[in-house]
Amino acid sequence: MVIKVHIERIFYIIALAVFIFVLLIPKSIADDIDKEAREISYLLMCPVCEGQTVAESNSQLANQMRAIIREKLQEGKSKDEIIAYFVSRYGETILGAPPAKGVNWLLWTLPAIALLIGGGIIGLFLYKSKEEGEKAQEESQKPPTQSELEYVERLDRELKEFES
Amino acid sequence: MKGLGLAGKLVVFAAIVVLLILLGYAVFGNKVFPKPSPLIGREASDFTLELFNGDKLRLSDLRGKVVLLNFWASWCMPCREEAPTLEASWKRYKDKPVVFIGIDVWDDKDSALAYINQFGGGYLNGIDPKGEIAVDYGVGGVPETYFIDASGKIVNKYTGPLTDEMVDQLLGKVLLSSPLNGLTKEGG
Numbered sequence: 001m002v003i004k005v006h007i008e009r010i011f012y013i014i015a016l017a018v019f020i021f022v023l024l025i026p027k028s029i030a031d032d033i034d035k036e037a038r039e040i041s042y043l044l045m046c047p048v049c050e051g052q053t054v055a056e057s058n059s060q061l062a063n064q065m066r067a068i069i070r071e072k073l074q075e076g077k078s079k080d081e082i083i084a085y086f087v088s089r090y091g092e093t094i095l096g097a098p099p100a101k102g103v104n105w106l107l108w109t110l111p112a113i114a115l116l117i118g119g120g121i122i123g124l125f126l127y128k129s130k131e132e133g134e135k136a137q138e139e140s141q142k143p144p145t146q147s148e149l150e151y152v153e154r155l156d157r158e159l160k161e162f163e164s
Numbered sequence: 165m166k167g168l169g170l171a172g173k174l175v176v177f178a179a180i181v182v183l184l185i186l187l188g189y190a191v192f193g194n195k196v197f198p199k200p201s202p203l204i205g206r207e208a209s210d211f212t213l214e215l216f217n218g219d220k221l222r223l224s225d226l227r228g229k230v231v232l233l234n235f236w237a238s239w240c241m242p243c244r245e246e247a248p249t250l251e252a253s254w255k256r257y258k259d260k261p262v263v264f265i266g267i268d269v270w271d272d273k274d275s276a277l278a279y280i281n282q283f284g285g286g287y288l289n290g291i292d293p294k295g296e297i298a299v300d301y302g303v304g305g306v307p308e309t310y311f312i313d314a315s316g317k318i319v320n321k322y323t324g325p326l327t328d329e330m331v332d333q334l335l336g337k338v339l340l341s342s343p344l345n346g347l348t349k350e351g352g
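Protein chains in written order, with the numbering used here: chain A, 1 to 164; chain B, 165 to 352.
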């Protein structure tokens, strides 16, 4: 009798757990779709706005694009497929970040090249300055030559004559 | 730059100039406005349009005819500018195998109906409430007009208000290149 009561309880607990799980699944799927839709909409530029992504824009077209992204995700389309769809309609200019191909590779590599060249120039400049500084210091530490000594003596003599 | 000799300074200057030229080209070099549509040369996406008269129109049912597909909105000034041209052009082409279709986007129905009444409303006009057709055709502003040949292929796109001459020129090209075979249907 006691065993039967226990089995019944376990059955109710399992049924409740399954019920809660089933209730939570659609919400979890919807959350995933929302998250992915937001991610995709940040990768696409709004075609009617200046410098705003589909996620950031409040234009009607951006709203409609967000709805289309969600719809396509619900149909089971992947992120890449959805992005490819928009590129096939609007061209690559719809992409927030241009793909690193063709002339676009310049956009990706130029900052690094500029940094290297700039760093190189600054390095060279500092090296040269240091070299010149050292040379000047060496020059100043050398004992004066005979002609320099004579020049200093002459200068002193002439100054004294002038003062007297 | 005190530490660099003349040759060094020239190298630095040349490097900066080259970098600026490359950056300028990468940023502005391939910008052509308006951008050519990637849809040109491809089959026009099929759609079912809800017409203002309550009927439904399927693009694929018009196979065999040339289609002028114009996206517009009642609040758009250039659309208002081209509306009389489109109405007049439709009258010139209505006995030819050419169908004019207007698709109202990003608009409300009442304003759209007032616009149609104002400008004649001779050809087929419908509304795209969810913007699905507009996005499918890569519309990024209004007015935009697509020219679809009789085989259902997009052959041209025009961004901005059309003039009579442009309509004649662009439709003329499509008509010349189109294998017309649906002459039994009424155009527009």
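Calculated from the structure, these hints are not laboratory results.
Warning: the hint list may mix true and false statements.
Stated by the list, open to error - Here are the computed lysine to aspartate or glutamate pairs in the EDC-like style, where the Cα-Cα straight-line distance is at most 16 Å:
no., chain 1, residue 1, chain 2, residue 2
1, A, 72, B, 332
2, B, 294, A, 71
3, A, 79, A, 148
4, A, 72, B, 296
5, B, 220, B, 207
6, B, 258, B, 332
Claimed, not checked - Sample of chain B residues lacking proximity to chain A, with all beta carbon distances greater than 10 Å (derived):
no., residue
7, 270
8, 273
9, 281
10, 299
11, 325
Said to hold, decoys possible - Between beta-carbon pairs, the in silico distance windows are:
no., chain 1, residue 1, chain 2, residue 2, range
12, A, 116, B, 174, 44 to 54 Å
13, B, 205, A, 108, 40 to 50 Å
14, A, 67, B, 242, 55 to 65 Å
15, A, 74, B, 175, 51 to 61 Å
16, A, 100, B, 181, 22 to 32 Å
17, B, 260, A, 79, 21 to 31 Å
18, A, 38, B, 242, 47 to 57 Å
19, A, 38, B, 205, 40 to 50 Å
20, B, 207, A, 14, 26 to 36 Å
21, B, 205, A, 80, 15 to 25 Å
22, B, 245, A, 50, 38 to 48 Å
23, A, 150, B, 175, 40 to 50 Å
None of the values given here were measured: they were computed from a predicted structure.
Every residue gets a Cβ at the ideal spot worked out from N, C-alpha and C, and that includes glycine.
Self-check item: Hinted pair residue 258 (chain B) and residue 332 (chain B), Cα distance within 16 Å
Solution: holds (13 Å)
Self-check item: residue 207 (chain B) versus residue 14 (chain A) beta-carbon gap, inside 26 to 36 Å or not
Solution: Since residue 207 (chain B) and residue 14 (chain A) have Cβ atoms about 54 Å apart, the given range 26 to 36 Å is violated.
Quiz item: If you draw a straight line from the CA of residue 72 (chain A) to the CA of residue 296 (chain B), is it 16 Å or shorter?
Solution: holds (12 Å)
Practice problem: Check the following: the C-beta atoms of residue 116 (chain A) and residue 174 (chain B) are separated by a distance inside 44 to 54 Å. | Solution: violated (19 Å)
Practice problem: Using the beta carbons of residue 38 (chain A) and residue 205 (chain B), state whether their distance is inside 40 to 50 Å or not. | Solution: violated (34 Å)
Exercise. Just double-check residue 270 (chain B) for me: nearest Cβ-Cβ distance to chain A has to come out over 10 Å.
Key: violated (4 Å)
Exercise. Mind checking the hinted window 15 to 25 Å against the Cβ distance between residue 205 (chain B) and residue 80 (chain A)?
Key: holds (24 Å)
Self-check item: Hinted pair residue 79 (chain A) and residue 148 (chain A), Cα distance within 16 Å
Solution: This hinted pair is violated, its Cα atoms lying about 81 Å apart.
Quiz item: Is it true that residue 74 (chain A) and residue 175 (chain B) lie within 51 to 61 Å of each other by Cβ?
Solution: Holds, at about 58 Å.
Quiz item: Are the Cα positions of residue 294 (chain B) and residue 71 (chain A) separated by 16 Å at most?
Solution: Since the Cα atoms of residue 294 (chain B) and residue 71 (chain A) sit roughly 12 Å apart, the hinted pair holds (cutoff 16 Å).
Quiz item: In this structure, is the beta-carbon distance linking residue 150 (chain A) and residue 175 (chain B) contained in 40 to 50 Å?
Solution: holds (44 Å)
Quiz item: Is it true that residue 205 (chain B) and residue 108 (chain A) lie within 40 to 50 Å of each other by Cβ?
Solution: For residue 108 (chain A) against residue 205 (chain B), whose Cβ atoms are near 29 Å apart, the range 40 to 50 Å is violated.
Hints 1, 3, 5, 7, 10, 12, 13, 14, 17, 18, 19, 20 and 22 from the list above are not met by this structure, while the remaining hints are.
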